[in-house]
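Number of protein chains: 2
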Amino acid sequence: MFDLIPSGNITSASGFLAGAVHAGIKSKDELDLAILCSEVTCKAAGVFTTNQIKSAPVILSQRHISKGRAQAIAVNSGCANACTGEQGLIDALAMANLTAAKLGISPEKVLVASTGVIGVPLPMDKIRAAIPKIKPTKKGGHDFCRAIMTTDTRPKEIAVRVDSKGGKFTIAGVAKGAGMIHPSMATMLCCITTDAVVSADFLRAALHTAVDGSFNMISIDGDTSPSDCVLLLANGLASNELVDFDNGDAFQQALNAVCTHLAKSMARDGEGATKLIEVTVERAEDEVWARQAARTIASSPLVKAAIHGNDPNWGRIVAALGRSGARVREDRLDVYLNEVCVMKQGSLSPFNKADMISALGNRDNVLIKLCLNLGDGKATAWGCDLSEEYVTINSAYTT
Amino acid sequence: MFDLIPSGNITSASGFLAGAVHAGIKSKDELDLAILCSEVTCKAAGVFTTNQIKSAPVILSQRHISKGRAQAIAVNSGCANACTGEQGLIDALAMANLTAAKLGISPEKVLVASTGVIGVPLPMDKIRAAIPKIKPTKKGGHDFCRAIMTTDTRPKEIAVRVDSKGGKFTIAGVAKGAGMIHPSMATMLCCITTDAVVSADFLRAALHTAVDGSFNMISIDGDTSPSDCVLLLANGLASNELVDFDNGDAFQQALNAVCTHLAKSMARDGEGATKLIEVTVERAEDEVWARQAARTIASSPLVKAAIHGNDPNWGRIVAALGRSGARVREDRLDVYLNEVCVMKQGSLSPFNKADMISALGNRDNVLIKLCLNLGDGKATAWGCDLSEEYVTINSAYTT
Chain A
1 MFDLIPSGNI TSASGFLAGA VHAGIKSKDE LDLAILCSEV TCKAAGVFTT
51 NQIKSAPVIL SQRHISKGRA QAIAVNSGCA NACTGEQGLI DALAMANLTA
101 AKLGISPEKV LVASTGVIGV PLPMDKIRAA IPKIKPTKKG GHDFCRAIMT
151 TDTRPKEIAV RVDSKGGKFT IAGVAKGAGM IHPSMATMLC CITTDAVVSA
201 DFLRAALHTA VDGSFNMISI DGDTSPSDCV LLLANGLASN ELVDFDNGDA
251 FQQALNAVCT HLAKSMARDG EGATKLIEVT VERAEDEVWA RQAARTIASS
301 PLVKAAIHGN DPNWGRIVAA LGRSGARVRE DRLDVYLNEV CVMKQGSLSP
351 FNKADMISAL GNRDNVLIKL CLNLGDGKAT AWGCDLSEEY VTINSAYTT
Chain B
1 MFDLIPSGNI TSASGFLAGA VHAGIKSKDE LDLAILCSEV TCKAAGVFTT
51 NQIKSAPVIL SQRHISKGRA QAIAVNSGCA NACTGEQGLI DALAMANLTA
101 AKLGISPEKV LVASTGVIGV PLPMDKIRAA IPKIKPTKKG GHDFCRAIMT
151 TDTRPKEIAV RVDSKGGKFT IAGVAKGAGM IHPSMATMLC CITTDAVVSA
201 DFLRAALHTA VDGSFNMISI DGDTSPSDCV LLLANGLASN ELVDFDNGDA
251 FQQALNAVCT HLAKSMARDG EGATKLIEVT VERAEDEVWA RQAARTIASS
301 PLVKAAIHGN DPNWGRIVAA LGRSGARVRE DRLDVYLNEV CVMKQGSLSP
351 FNKADMISAL GNRDNVLIKL CLNLGDGKAT AWGCDLSEEY VTINSAYTT
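In order, the protein sequences belong to chains A and B. For the first sequence, counting from 1, position 160 maps to 160 in my numbering; every step adds exactly one. For the second sequence, counting from 1, position 256 maps to 256 in my numbering; every step adds exactly one.
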């Protein structure tokens, strides 16, 4: 149904351009201000942080996207413009206005996002000087990806080409994760572009579905940033038949794949992480509880620390399941670690501990599977191990 | 209303005896099996883990305490007897029977508790050999306290003498916390004794009230053990007037103080912890949300890591508040760190960062206070900082 585009990035979809500069918001000489734009107005959908403390860019972008239209996204790294009060909103609006003037479009069509330190005002003089210097081009996708990184160790981008019954189109995504060498840098941010012709209602629904199964299923440390957002622009420049609820499967699957890829990349690149942890819960009472159970296990500090030490400590997995809220019957529970059964119907299933430890040590991804044998609910969550490095990154900055 | 008893311990209340031996459940030559008993049958109340995976001792003790009577508690450390299926229940019952035979009482009056590794059967031969050797005495309180420790670095015990209008009585408590050098050791366990004459219904209600404000307000790492329990025995040997709902204030306050002291001791002695964090949320919409907000902040890995590094990173405190579910209005929010205002009505309140860092470094307790200015809800939660040592303790065991 869809193919990965080699070296694909956020500008792989038709009619999308991007560019970035070093504005000086970050002290290092790195790209820190970027614009993504479409040649034409897009249908737009967004999913925003559920944190009640919302950054100014989140508040402004929610307002601008409410009509379902947008044409550009301006992003800076190095400063989150969160907990900055009225001045923060004024600055976010100014950033949108400057971008609009630069592109010759109306400010309401510009979404903004900021990632970085909380509680520090945006350096507007630097942003005012830098925005005119940004030159969005077809080749700017990788630069955009680098400009939104804070301390991510790897860029996170993907593009897929969908060949559906209704025609061909592209979906591309870029994200930054939770690298936090500077304390307070804790934002997930994702932009997705598509040239598909797609109905606005379906676009919104499809984005929520994709986010629920991907970004909402990862956890680095359980903390949610005031700046989190996922923005999707669809410019309709592909010549496919209108994608809507009745024929949206191919679009939905490809969008799910893009979001899942980016979400897993984030989990794998969590601060201090050395391993990706994938937790699948099967046959839970229903999907809601399967999700809750999988997320609870993937974010348990004790499970994460055990995985870091290659310790097949399945008791912690079972204990995390037990407190997740999902209904559990111990006498029906099966637990698998890297596909080896360690508990069958609530009884210990003997396994070779030395082999297991060595298998855990040889892999940078760990699979945990639980079968609750109670119903049809299934879900997968992703997390990362908890290392000393995580603590060092998040505590040692000022000392 | 009450006074601390110097060197007070679990046998400070009249008519309670305790003793402990090294049964060999722990490999080190340490006390690991203990009995606490009363000279007469007690009214008993218990609060047990909400984890759906319950250890066998929890299941048995819940059954035995259901009639509100008990006379003895047998506890071992080194093995949790959790995730051990039917055999676990048989072993827990055998431990109660052996204790009953030793003391010459009926098995239904014996409560049992086990703390240690999950998924390993109790070594019943060792327990069978050791129980007859235990000699409960008036002086055995400190030994009992040491025998229930796993890797706690400090004993946790207290006794208070209450002088109420209705007469004098004593309340004493002992607890173990979350020291987890051995992976899977993650249990909180608390025994409380009193010689007060007290009604059974009030006793149960008072225990729930005290636990809600103390043990339920601490978090080491968000993980809940299948073995957690708090057991309270009241033998009525003091000559006070019956304590009941209409005159229970002095009893409740003293019980709250005993539980809060033990809970704070646990938080302070969390694995790898160097600091106690006390989070008070005031003027929340109601108490339920105040509790939720305080607990969310006290257990945020990012807040905990910042405190470890003496970093006055209040943005993380506000972000954790924002995701707690409690209603927040940013423009009404006041935040204090060690009594210094860092945010007033949502605006940054300038403070001397160098002084704050040095103050954080010089104290082993950190006070975080938030005033939401929305209602009358108030709550306090306790936690500890997150150190590299926590990760090392919980990951490096098998490597």
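Some hints here could point you the wrong way.
When chains are identical, the list treats them as one kind, so a pair holds in a single copy or across two.
Here are the simulated lysine to any residue pairs, SDA-like style, with alpha carbons at most 20 Å apart [to be verified]:
1) 26 / 5
2) 353 / 340
3) 344 / 85
4) 67 / 330
5) 264 / 47
No lab work stands behind these hints: they were computed from the structure.
For each hint, the structure was consulted:
Neither within a single protomer nor between protomers do residue 26 and residue 5 lie at most 20 Å apart by alpha-carbon distance, with minima of 31 Å and 58 Å respectively. Only within a single protomer do residue 353 and residue 340 lie at most 20 Å apart by alpha-carbon distance; the minimum there is 11 Å, versus 52 Å between protomers. When the C-alpha separation of residue 344 and residue 85 is checked against a cutoff of 20 Å, the pair qualifies only between copies, where the shortest distance is 11 Å, while the shortest distance within a copy is 54 Å. For the homomeric pair residue 67 and residue 330, neither the shortest alpha-carbon distance inside one copy (49 Å) nor that between copies (26 Å) is at most 20 Å.
Taking the shortest Cα distances, residue 264 and residue 47 sit within 20 Å of each other inside one copy (18 Å), while across copies they are farther apart (40 Å).
In summary, the numbered hints that this structure violates are 1 and 4.
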